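Chains A and B, in that order, are what the protein sequence lines are.
Remember, the numbering used here sits 1259 above the position in the first sequence when you count from 1.
Remember, the numbering used here sits 287 above the position in the second sequence when you count from 1.
By construction, these hints were calculated from the structure, which means they are not laboratory data.
Everything numeric in this text was worked out from a predicted model, so none of it was measured.
Cβ atoms here follow ideal geometry from the backbone N, Cα and C, with glycine treated the same way.
Any given hint could turn out to be false.
Part of the chain B face toward chain A, derived, beta carbon under 10 Å [claimed, not checked]:
#1 Ser294
#2 Arg296
#3 Leu297
#4 Leu314
#5 Leu317
#6 Leu318
#7 Ile320
#8 Glu321
#9 Asn324
#10 Ser325
#11 Tyr332
#12 Ser333
#13 Asp337
#14 Ile340
#15 Ile343
#16 Phe344
Below 30 Å or equal to it, Euclidean Cα-Cα: the simulated BS3-like pairs (lysine-lysine) are [said to hold, decoys possible]:
#17 A/Lys1261 <-> B/Lys295
#18 B/Lys341 <-> A/Lys1439
#19 A/Lys1443 <-> B/Lys303
#20 B/Lys341 <-> A/Lys1356
#21 A/Lys1461 <-> B/Lys341
#22 B/Lys295 <-> A/Lys1407
#23 A/Lys1439 <-> B/Lys295
Short, incomplete list of chain B residues facing chain A, as computed with Cβ under 8 Å [said to hold, decoys possible]:
#24 Val293
#25 Leu322
#26 Tyr336
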Amino acid sequence: MKIDYIYLKNYRQYRETRIDFAGSPNENFTVIEGPNGAGKTNLLNAVTWCLFGEEKHINLIKSKGLSIINTVAVDQAKEGELLSVKVEIQFLNNNNKRIKIIRELKYKKQKQTTIEIPMAHPPPSIIFEGEGDWSQPLNGEEATYQIKNLIPPSLEEYFFFDGERMNDYFRDNTGKDIQKAVFKISQLGLFDELIRHLTARKNEYLRAAKGLGSRGKELQEFIELQEQSQSSDNEELKSLISADHEAELLDEKLNAQLKNTSKEDIENLANRREQLIKDLLSVKQEIKGVEDDKLEILHKKMATILCQRALLETKTLIDNSRAAGKIPPKFEAIKS
Amino acid sequence: MKPMSVSKRLLEAIDKSEHSDEIKELLKTLLFIELRNSERGDLHYSEEYDRVIKRIFGVSLQPEASE
C-alpha cells in the first residue's frame, strides 16, 4: 500500500494544499524539503492525526498552546462563520484500488479572536474503492477499526519516519515495539500460541495415557495388530482392484470390437471359416495321395535302390578289365 | 464490526504444505480460534482444541477414565 496524495485544509500552517506522491514505476520517490517551520513535521502530524486522531510527531515546545486550526483562516473568518480543519489521505493498495481516509474537525468563530472548541477526537471516515465504484463511507468506530487493521498505530513510526528525531528511533524500546508490531500484523504470533497450546494438550494426553497402565499396553498391541491386518488387507485390495481394472479394460475392448462388427460380417466370417475347413480337408487328402504314391514308387524301385552300389562297382570293374584287355570290347566297338 | 481474519498468506502456506487434508484443516481451524481468543483476550482453549480434534479426526484424544 502506498500514499497517492494528501490533501490538507486549514491544518496548522497549511491553508489548502494537495501533495501528490510519485507513483510511477520509474519515479516512485518523493522528497519533502523546506526551511524550518515550513511544515515538514506537521505533514507527518497531519498523517497521524488523520489516521489515529493524534499528532504523534508534534514538537511540544513549539506547538504548546497552539490550536490545530490555521490561525490566518481564523483571523480572516467573520463572527459565527463555520471553519473546518480537514486532512484527506488517499492510499493505493496492492491491487491499485483506492482507499480514502478523511478526518475533519469543525469550528465556529465566536468573537474576533476566540473560537468554539470542538470535540477532541473527531471520528474519521474511510471509503474503499470496489470493482466499479466507491463503497459507502464507514464512519466512527468501524472506520477506526478498519484503519487500525490497515496501519496498526504501533507500526506508525515504521512507516512515517521523522528524520529530525533520528536518535529516538534507535532506542531499544522502540525497536522492540516495532518487532512486536510486525509480529502481530504478520500473525506469526498466532502460530506460536497454536504450537504452545497443542504441545500443552499433547503433554496432558501423555500424562493421562500413562495412568492407563497395562490396559494401555494391551490397547497399543491391539492397535498394532489391527494396523498390520489393515496393511495386508490393503495390499490384497490393491491387487484385486488392479485385476478388476484389467478385466474391465478387456471387456470394454471386446465390446467395442463387437459393436463395430455387423451381422453380415459375422456370416461372411462363418462361411469363410467353413470354406477354410473344407480346403484344409482337401489339402490333407492331397498330401495323403502324394504320400501313397511315394510309398508305391519306393516298393517298385526297392531292388534297384538297394543294389545300386553293387551295380556301380561291377560296372567299374568291367570297364577297368576291358581297358586292360582282359575281356573283349563292347559289341558296338567291334562293329565299328 | 467486522471480525479480523487470518492472513491469506498463512492460509495459503498451510494449503501448499505437504500435510494431509485433516492436518491442514486442523491448523486452519486452530488459527481461527487463536485469532478470536486473542481478540477477546480469552485464555481458555483446551475444550475447543479437544472439540476440533474430535470433529476432524473422528476420535477423542482425551483418554477414557480407567476402570
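The hints, checked one at a time:
{"no.": "1", "hint": "Ser294", "verdict": "holds, 5 Å"}
{"no.": "2", "hint": "Arg296", "verdict": "holds, 8 Å"}
{"no.": "3", "hint": "Leu297", "verdict": "holds, 6 Å"}
{"no.": "4", "hint": "Leu314", "verdict": "holds, 7 Å"}
{"no.": "5", "hint": "Leu317", "verdict": "holds, 5 Å"}
{"no.": "6", "hint": "Leu318", "verdict": "holds, 5 Å"}
{"no.": "7", "hint": "Ile320", "verdict": "holds, 8 Å"}
{"no.": "8", "hint": "Glu321", "verdict": "holds, 5 Å"}
{"no.": "9", "hint": "Asn324", "verdict": "holds, 8 Å"}
{"no.": "10", "hint": "Ser325", "verdict": "holds, 7 Å"}
{"no.": "11", "hint": "Tyr332", "verdict": "holds, 5 Å"}
{"no.": "12", "hint": "Ser333", "verdict": "holds, 7 Å"}
{"no.": "13", "hint": "Asp337", "verdict": "holds, 7 Å"}
{"no.": "14", "hint": "Ile340", "verdict": "holds, 8 Å"}
{"no.": "15", "hint": "Ile343", "verdict": "violated, 13 Å"}
{"no.": "16", "hint": "Phe344", "verdict": "violated, 13 Å"}
{"no.": "17", "hint": "A/Lys1261 <-> B/Lys295", "verdict": "holds, 20 Å"}
{"no.": "18", "hint": "B/Lys341 <-> A/Lys1439", "verdict": "violated, 34 Å"}
{"no.": "19", "hint": "A/Lys1443 <-> B/Lys303", "verdict": "holds, 23 Å"}
{"no.": "20", "hint": "B/Lys341 <-> A/Lys1356", "verdict": "violated, 42 Å"}
{"no.": "21", "hint": "A/Lys1461 <-> B/Lys341", "verdict": "holds, 14 Å"}
{"no.": "22", "hint": "B/Lys295 <-> A/Lys1407", "verdict": "holds, 18 Å"}
{"no.": "23", "hint": "A/Lys1439 <-> B/Lys295", "verdict": "holds, 20 Å"}
{"no.": "24", "hint": "Val293", "verdict": "holds, 6 Å"}
{"no.": "25", "hint": "Leu322", "verdict": "holds, 6 Å"}
{"no.": "26", "hint": "Tyr336", "verdict": "holds, 5 Å"}
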